[in-house]
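Taken in order, these protein sequences are the chains called E and D.
For the first sequence, the numbering used here assigns the number 1 to the initial residue and increments by one for each residue that follows.
For the second sequence, the numbering used here assigns the number 371 to the initial residue and increments by one for each residue that follows.
Simulated from the structure, these hints should not be mistaken for laboratory data.
Remember, it's a predicted structure, so these values are computed and weren't measured experimentally.
By construction, the Cβ of each residue, glycine as well, lies at the ideal position given by its N, Cα and C atoms.
Each hint should be verified, as a subset may be incorrect.
Using C-beta positions, here's what the derived DEER-type ranges look like [to be verified]: (1) D:506 <-> E:284: 25 to 31 Å; (2) D:503 <-> E:11: 52 to 58 Å; (3) D:489 <-> E:38: 50 to 56 Å.
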Amino acid sequence: MKRSSAFLGLLQKEARHILRDRRTLAVIVLMPIIQVVLFGYAIRTDVEDIRLAIVDPEPDAATHALRTRLGASGLFRIVAVERSTDGLNALFASGAAQQAVVFERGFGDRLESARAARIQIITDAAEPNTGTAMQNYADALIRDHEGELREGTGPPPIAADVRMRFNPTRESSNLFVPGLIAFVITIISALMTAISLAREKETGTMEVLLVSPLRPVEIIAGKVAPYLLVGLATVVLVIIEARLIFGVPLRGSAVLLLAEGVLFTVTSLSLGILISARTPSQRVAMTAVLAGTMLPTVMLSGFIFPLESLPTPLRLISAVIPARWFVEIARGIMLKGVGLDHLWQESLVLVGMTGVLLMASMRSFRVRLD
Amino acid sequence: MTGVAIVAKGLTRRFGGFTAVDAVTFDVRAGEVFGFLGANGAGKTTAIRILTGLLAPSSGAASVAGFDVYREREAIKRSIGYMSQRFSLYNDLTVRENIRLYGTIYGLSASVIRARTDNLLERLRLGESGSKRVGTLPLGWKQKLAFSVALLHQPRIVFLDEPTGGVDPVTRRQFWELIYGAAGQGTTVFVTTHYMDEAEYCDRLGIMVAGRLDALGTPHELKERFGAGSMDEVFLRLARSGAPAGAAA
């Protein structure tokens with residue numbers, strides 16, 4: 001009973017450290033919330049309000065139908081309608097237009113006589129990703145239009161579902177949220193524990209705790225448990241926020257997601273302990289955590305760069321990064337709505353990594369005593 | 371507890387090929403102020419770590435408060451207080467919160483903690499500073515507070531590892547009054563220091579040179595043995611020669 005009250009005392013003390021350091025607390029909680037918004041808009045690969053120039057040498061009903069369709073799609077804003085391509089260079093150079101759709105002469109006639117009516121799409125690809133996206137939108141819209149003409153049902157009113165099909169906004173912001181969750185957990189668990197353990201070491205209070213009857217396990221648990229709570233609370237906030245702003249779904253079990261979150265938190269905590277045990281000061285600990293956990297989490301977990309697009313050596317390295325497995329699990333639960341029956345392998349990998357790290361961190365802590 | 375508080379016989383600790391503490395033998399009597407001297411790297415810290423249960427010896431025997439340093443480290447930890455040269459309280463907690471934390475860590479009940487806290491604050495004349503953050507106190511006060519906190523659970527032995535580093539002479543003097551006060555109440559004080567004037571305050575001294583305990587005795591005995599006028603001279607002679615001279619107990 002005395003033991004548990006000693007442990008509670010430790011928890012209380014750590015909670016006070018966290019609550020009294022308002023600035024750090026604000027950073028811990030606000031940063032992920034702001035990041036959801038930033039990443040949500042920044043990582044989206046879709047483009048809106050594309051400035052479109054139309055070159056229509058011989059306007060007729062068919063070109064008008066397609067022009068109307070482009071204009072009404074919500075993706076394009078028609079900034080110029082020209083008779084020839086002469087003015088295009090200037091439009092592109094000044095940035096007035098990002099994309100041009102050029103109809104060939106006699107577009108309507110050719111279409112009616114079922115010959116190939118050609119259209120040229122010119123895209124400003126100064127930013128390759130944006131360019132590709134714009135190209136795809138225009139291409140898809142025109143194909144769609146074409147398809148409807150072929151069926152001979154006549155152009156139907158432009159329905160909202162058509163827009164959804166071409167607007168992958170939601171898809172791309174969905175993808176980043178699981179990665180962001182991993183990122184948040186890593187920052188709070190690994191970084192904050194490493195710093196707070198290193199601080200006690202630096203100020204000498206750790207020595208006093210070690211000399212006390214508290215067991216090393218209790219000291220560590222008392223230090224990291226509050227961060228586990230802060231971490232999970234932030235994760236819940238991020239999920240709610242992502243849902244409210246970007247409509248990111250949580251299709252699978254929230255309980256499972258939280259359980260996996262706890263697991264990944266323990267993984268990161270162990271890393272934090274391990275790093276702080278091997279570093280002499282807060283500053284070194286911080287740098288080590290940034291380089292050792294946050295960079296891999298951002299770069300190699302599939303958070304920002306798809307794993308498939310990584311070169312093979314990096315992809316192999318990513319297999320030993322816990323965040324990569326957690327991101328896969330979180331994506332599975334949130335976006336695909338699958339359960340443990342599909343995710344048991346990834347979960348098992350994470351459990352294994354956590355076990356190894358936890359043992360290593362306990363060991364390093366004990367070694368430091370001797 | 372009467373008689374001996376600490377016994378060490380041939381206590382040795384090796385790190386790889388390096389012998390940090392080399393067959394050290396001494397004892398500390400209950401209720402005495404025992405000074406532990408030595409240059410940096412002489413093995414003082416390692417010896418303290420063994421005696422406080424942080425580190426297992428490689429060979430030799432030692433007991434602290436009657437408990438064996440190999441097998442009864444937990445019991446040792448419960449029986450001792452400890453204050454390090456580095457400031458050992460939490461700056462972002464208030465004076466009372468710090469005291470309560472240590473109280474709970476040592477398993478004291480809430481009512482005992484409250485009573486001892488009031489008593490402690492009164493003694494240190496910190497009564498009105500109880501709810502101040504420790505970080506705002508002057509260094510001298512912090513150190514006195516840290517010492518009193520180390521005694522909160524009324525340990526039989528208190529280890530002070532260079533407790534007065536960086537403190538002005540007046541505060542140091544006051545600090546030593548606290549030490550005497552604790553010793554007067556029967557607490558054994560094991561203190562390391564770099565200040566030779568402080569060495570003179572101790573009942574008995576042990577001086578470590580290169581891992582070995584080269585001298586042991588009262589300040590008076592040591593000065594006589596080395597034919598020196600002050601502890602400063604004794605220490606310098608020992609440290610320079612590095613040669614054993616009259617290690618005995």
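Hint-by-hint comparison with the structure:
1. D:506 <-> E:284: 25 to 31 Å: At 28 Å between Cβs, range holds.
2. D:503 <-> E:11: 52 to 58 Å: About 20 Å separates the Cβ atoms of residue 503 of chain D and residue 11 of chain E, which means 52 to 58 Å is violated.
3. D:489 <-> E:38: 50 to 56 Å: 55 Å Cβ-Cβ, so the 50 to 56 Å window holds.
The structure is inconsistent with hint 2 alone, although it conforms to all the rest.
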